[in-house]
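In order, the protein sequences belong to chains A and X. Quick note on my numbering: the first sequence kicks off at 516 and runs consecutively. Quick note on my numbering: the second sequence kicks off at 516 and runs consecutively.
Hints are computed from structural coordinates only; laboratory data are not their basis. Predicted model only: the values in this text are computed from it and were never measured. For each residue, glycine too, the CB sits at the ideal point set by N, CA and C. The reader is advised that the hints may include incorrect statements.
Heads up, simulated BS3-like pairs for lysine-lysine below, C-alpha to C-alpha not over 30 Å straight-line [said to hold, decoys possible]: (1) K549(X) x K760(A); (2) K760(X) x K618(A); (3) K645(A) x K651(X); (4) K651(X) x K686(A).
Negatives, chain X to chain A, calculated, CB over 10 Å [claimed, not checked]: (5) N522; (6) K523; (7) L529; (8) L530; (9) P745; (10) E790; (11) E827.
Protein chains: 2
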Amino acid sequence: MSYETLNKISEKYLLLIDSYISDILKGEPELLYKAAMHLIKAGGKRLRPMITLASSKALGGATSEAKAVYYASAVEILHNFSLVHDDIMDNDDFRRGIPTVHKVYGINWALLAGDLMFSYAFLTPYLAIKSGANEKEVSRAVEVIAEGSKKIAEGQGYDILFEKTWDVDEKDYLKMIYLKTGALIEASSKLGGIASNSNDEIIELLGEYGRFTGLAFQIKDDILGVFGDPEKTGKPVYNDLRRGKKTILVLYATSRKKEWKEFFMKLFTGNQSDEEIKEAADIIKESGSLKYAEELAKNYYNNALEKLNSIETLGIIKDEESFKALKELAEFSINRDK
Amino acid sequence: MSYETLNKISEKYLLLIDSYISDILKGEPELLYKAAMHLIKAGGKRLRPMITLASSKALGGATSEAKAVYYASAVEILHNFSLVHDDIMDNDDFRRGIPTVHKVYGINWALLAGDLMFSYAFLTPYLAIKSGANEKEVSRAVEVIAEGSKKIAEGQGYDILFEKTWDVDEKDYLKMIYLKTGALIEASSKLGGIASNSNDEIIELLGEYGRFTGLAFQIKDDILGVFGDPEKTGKPVYNDLRRGKKTILVLYATSRKKEWKEFFMKLFTGNQSDEEIKEAADIIKESGSLKYAEELAKNYYNNALEKLNSIETLGIIKDEESFKALKELAEFSINRDK
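Build the full structure now, drawing on both the sequences and the hints.
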């Protein structure tokens, strides 16, 4: 599969989203708004707003796009807020190839810029009223965003907790990545359903498409966290291993052999040498962990496609190109290198 | 004026708000929710939810109370979120007489607990739907809360900026305290108007009552920040002077005499001795600053009462006791000792 359709629409959507967010996230004090725009300006995949826009157009045609762009902007602002705060918590120096907000502006301004972005994630959907959304629709959109934001915080909580314990299994991991990543991608596709005035069944199916895509996306993210090219990911090499993250790669390997578990338990307690980190990466391959994770991501990708197929069977697609883009977005989630 | 009516209703409302928030702010991971409840459990004046509840009952009678309690809870959760993050930024060790959230749980958990509370401030109003609110009403309530939360972040931004510059005058100060404190109290009274299905004119008047009450409240807060009894305020003695806050007390004094300006400019650059801090407090009295600030707060209090009088003239008060409580809440804002 190629990304022909995705490439075509993403060119347009990237410009659209960026220009809307730049127009929305404006105000004073200047320094605060500059800090809030720092990470957003550095680009990013814009997966979430793409999903909102493509799903709204797929189900609602061009007319729903004018409203959906505000929900899409809100979701992207919320996503960036969570990255800014996560980077403070994880003490990460780089993201998207540039220094993180707290590295440039200090922790206080990064914290506050995050809070400001958080507020805008809830203010932005109201702008859709000017584009024909009624208050009931906006109310539903905001609730979906609020639900997503709560789950992000809970997921980040589990993520931090898991760094300090080995009492974590695959089920715990999947719950955590659903909360931390899947929930907001689920919200993104639901928002497309809301903007297109789809019925509850469709919104639910879209949500499941988003949830499965999000799970696949995060597993791929965890794979890139160990095997990704730093030049492409914009993050330091072996980032997750240095940080002691209990990703599926580590959990699977440590569940296979006692000596691998002992190796990782030791690795995650102290300062790791470059050789040890490389050995860890080798174990992940040797144990079949990498393959297992890739299969798992693939399964979620297939589940996501199934949900799209269920929608297709209903014969309500208004824009084939956007619907195809949704399929390609799911595929991109597991086949990307950044 | 005594607080007879206020004391009567606050007894009931304090229990109501506390039990609602405890019921709402529940979930997992446990540690995250414990951190989120830490400051809320320590009590507080609950000024904002009281204003929401009293204004809703004053204008809408008992029937609007069931909805208003959710908006009131949302506002109190949002207020507590901002305190948790402010305490991180200001590196404050104590609030409400107990160690701050980041002192007990560490900065990461305090940051994340704040984010979780922020999410709940937007989720909570939706619970009012079960109590008869329609989606349009909830949508308006959430928008008012989002607008307030944006202003809090902007206000905190100015507050931090003002610590580093002397290019601040009374107008800047008033703008800052409106954003940081006034806006959420304005939102609280507006929410009472929304819950009571009041028309836009009434909601606007209620908002202005809240705004003036909020300004008076913050000026009094700044007075207590220098002259308050730590046993009562729960904050360290001379807290604001040690931190170099450009409150109205400092701005007025430094605008009166060159030597006072020089004194404060020197005071705020280095580690202050206890004698210097005491001398600063003396200058604030001697310069007429304390008196000026008290007058200013009194004026805002009078403006707040005027707005209530304008509402009274319309002959639409449904509950006299709650209406009286609003007057007493404004008076409490300038006459409190904690």
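Now the hints, each set against the structure:
In summary, the hint linking K549(X) to K760(A) is supported, as the alpha carbons are separated by about 24 Å, within the 30 Å threshold. With a CA separation close to 25 Å, the supplied pair K760(X) and K618(A) stays within the 30 Å bound. In summary, the hint linking K645(A) to K651(X) is supported, as the alpha carbons are separated by about 15 Å, within the 30 Å threshold. Proximity of K651(X) to K686(A) is assessed by CA-CA distance (about 39 Å); at most 30 Å being required, the pair is judged violated.
Once the 10 Å rule is applied to beta carbons, N522(X) is consistent with being away from chain A; the minimum gap is 35 Å. No beta-carbon of chain A comes within 10 Å of the beta-carbon of K523(X); the shortest separation is about 35 Å. Against the 10 Å criterion, L529(X) stays outside the reach of chain A, whose nearest CB is about 26 Å from its own CB. A cut-off of 10 Å between C-beta atoms confirms that L530(X) is not in contact with chain A; the least separation is 26 Å.
No Cβ of chain A comes within 10 Å of the Cβ of P745(X); the nearest lies about 25 Å off, and the non-interface call holds. With a least beta-carbon separation of about 30 Å from chain A, E790(X) lies farther than 10 Å from that chain, consistent with its non-interface assignment. With a cut of 10 Å on Cβ distances, E827(X) stays outside the contact zone with chain A, its closest approach being about 30 Å.
When each numbered hint is compared with the structure, a violation occurs for hint 4 only.
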